[in-house]
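Counting from 1, one number per residue, gives the positions in the sequence shown under my numbering.
Just so you know, these hints were derived from the structure itself, not from any lab. The beta-carbon is built from N, C-alpha and C at its ideal position, and this holds for glycine as well. A hint or two may mislead.
Label-pair ranges, simulated between beta-carbon atoms [to be verified]: (1) Gly7 to Gly27: 13 to 21 Å; (2) Gly39 to Arg61: 28 to 36 Å; (3) Met1 to Gly42: 13 to 21 Å; (4) Arg15 to Asp40: 39 to 47 Å; (5) Gly31 to Gly7: 14 to 22 Å; (6) Arg14 to Glu43: 28 to 36 Å; (7) Asp40 to Asn17: 32 to 40 Å; (8) Gly38 to Leu10: 29 to 37 Å; (9) Leu33 to Val54: 16 to 24 Å; (10) Asp40 to Arg14: 36 to 44 Å; (11) Gly37 to Thr63: 13 to 21 Å.
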Amino acid sequence: MALLPLGVHLANGRRGNYGLSLLASAGIAAGGLALAGGGDHGEVLAAVPVLQIVSSILIERGT
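Using the sequences provided together with the hints, build the complete structure.
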């Protein structure tokens with residue numbers, strides 16, 4: 001979970017806010033797990049990393 005926003009942060013030349021990106025990534029992961037509810041909801045779980053990457057990129061560019 002922490003490596004995805006870290007990779008985006010390093011690729012951006014360490015110019016953005018890694019802490020905020022990490023917090024958003026953790027929130028998205030928690031939300032995805034809550035929505036999946038332990039059931040067979042592969043589409044929800046498949047969307048989590050995509051949303052984490054998009055949010056990390058947007059946060060890095062915006063901060």
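Kindly indicate which numbered hints from before are broken by the structure, ordering the numbers from low to high. 11
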